[in-house]
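Colleague: Below are the chains, spelled out letter by letter.
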Amino acid sequence: EAGVAQSPRYKIIEKRQSVAFWCNPISGHATLYWYQQILGQGPKLLIQFQNNGVVDDSQLPKDRFSAERLKGVDSTLKIQPAKLEDSAVYLCASSLVASGGALSTGELFFGEGSRLTVL
Amino acid sequence: AQKITQTQPGMFVQEKEAVTLDCTYDTSDPSYGLFWYKQPSSGEMIFLIYQGSYDQQNATEGRYSLNFQKARKSANLVISASQLGDSAMYFCAMRFANQGGKLIFGQGTELSVKP
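The listed protein sequences derive, respectively, from chains A and B.
Plus 465 on top of the position in the first sequence (first one is 1) and you've got my numbering.
Plus 5 on top of the position in the second sequence (first one is 1) and you've got my numbering.
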């Protein structure tokens with residue numbers, strides 16, 4: 466079974482430029498998550514999709530970040546314009562669990578991440 | 006507020022010995038799930054073990070076990086017979102019912118296994 470695919474693995478840009486990250490989840494996984502992991506910290510959820518609808522985007526800086534999952538499969542996360550503090554690893558994850566019941570394992574499967582450096 | 010705390014930024018353990026990684030949490034929600042993930046230098050998050058808040062027994066998965074103390078709100082990870090390949094970042098995470106399945110992560114603990 467193929468895992469979560471992300472690209473690019475690495476990206477270096479200057480501040481105020483734009484960047485886009487792509488994620489293809491595990492086949493059949495309805496739920497897709499984008500996490501931001503700043504160096505030395507745990508991942509922080511940016512946005513969660515269930516199929517092609519947004520479930521939670523409360524921590525997404527909407528003035529500069531956007532994300533879409535048009536056909537309910539792969540997803541794109543965009544940053545425009547980038548700031549120095551956006552330097553981080555952007556992790557995509559997917560799961561079978563749609564409702565997220567805490568009493569099920571329904572673990573998230575993560576991709577290898579996209580490392581962004583903003584100069 | 007729902008919060009996960011990992012107080013050990015870094016830990017060292019000798020190969021073949023056991024090690025405990027601490028995790029405490031704060032929630033008033035009675036229904037939740039606790040997870041541990043491993044993140045090697047490659048960056049991918051690898052699921053290790055899960056414990057539900059209503060589970061009566063501590064979870065075990067091979068060399069991993071979860072020491073779940075509900076009253077103390079702690080969910081420590083125990084790794085037995087440490088191996089060099091266990092060197093990585095370890096994250097404790099929680100999921101709450103009716104929050105869409107998202108995980109809330111702690112700050113992580115970096116484990117180094119010495120030969």
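These are computed hints drawn from the structure, not numbers from a lab.
Some clues are possibly wrong.
As the list claims (entries may be wrong) - Over 10 Å on every C-beta distance to chain B, these chain A residues come out as not near it, computed from the model:
hint	residue
1	Lys-476
2	Ile-477
3	Val-484
4	Ile-491
5	Gly-505
6	Pro-508
7	Gln-513
8	Ser-531
9	Lys-543
10	Leu-549
11	Ser-560
12	Glu-572
13	Leu-573
14	Arg-580
As the list claims (entries may be wrong) - If you want the footprint, here are the derived chain A segments under chain B, 3+ residues with CB under 8 Å:
hint	segment
15	523 to 530
16	533 to 539
Small disclaimer: the values here were computed from a predicted structure and weren't measured.
Note that beta-carbon positions come from the ideal geometry of N, C-alpha and C, so glycine has one too.
Colleague: Of the numbered hints stated previously, which ones are contradicted by the structure, given in increasing order?
Modeller: The structure conflicts with hints 5, 6, 7, 11, 12, 13, 14, 15 and 16, although it agrees with all the remaining ones.
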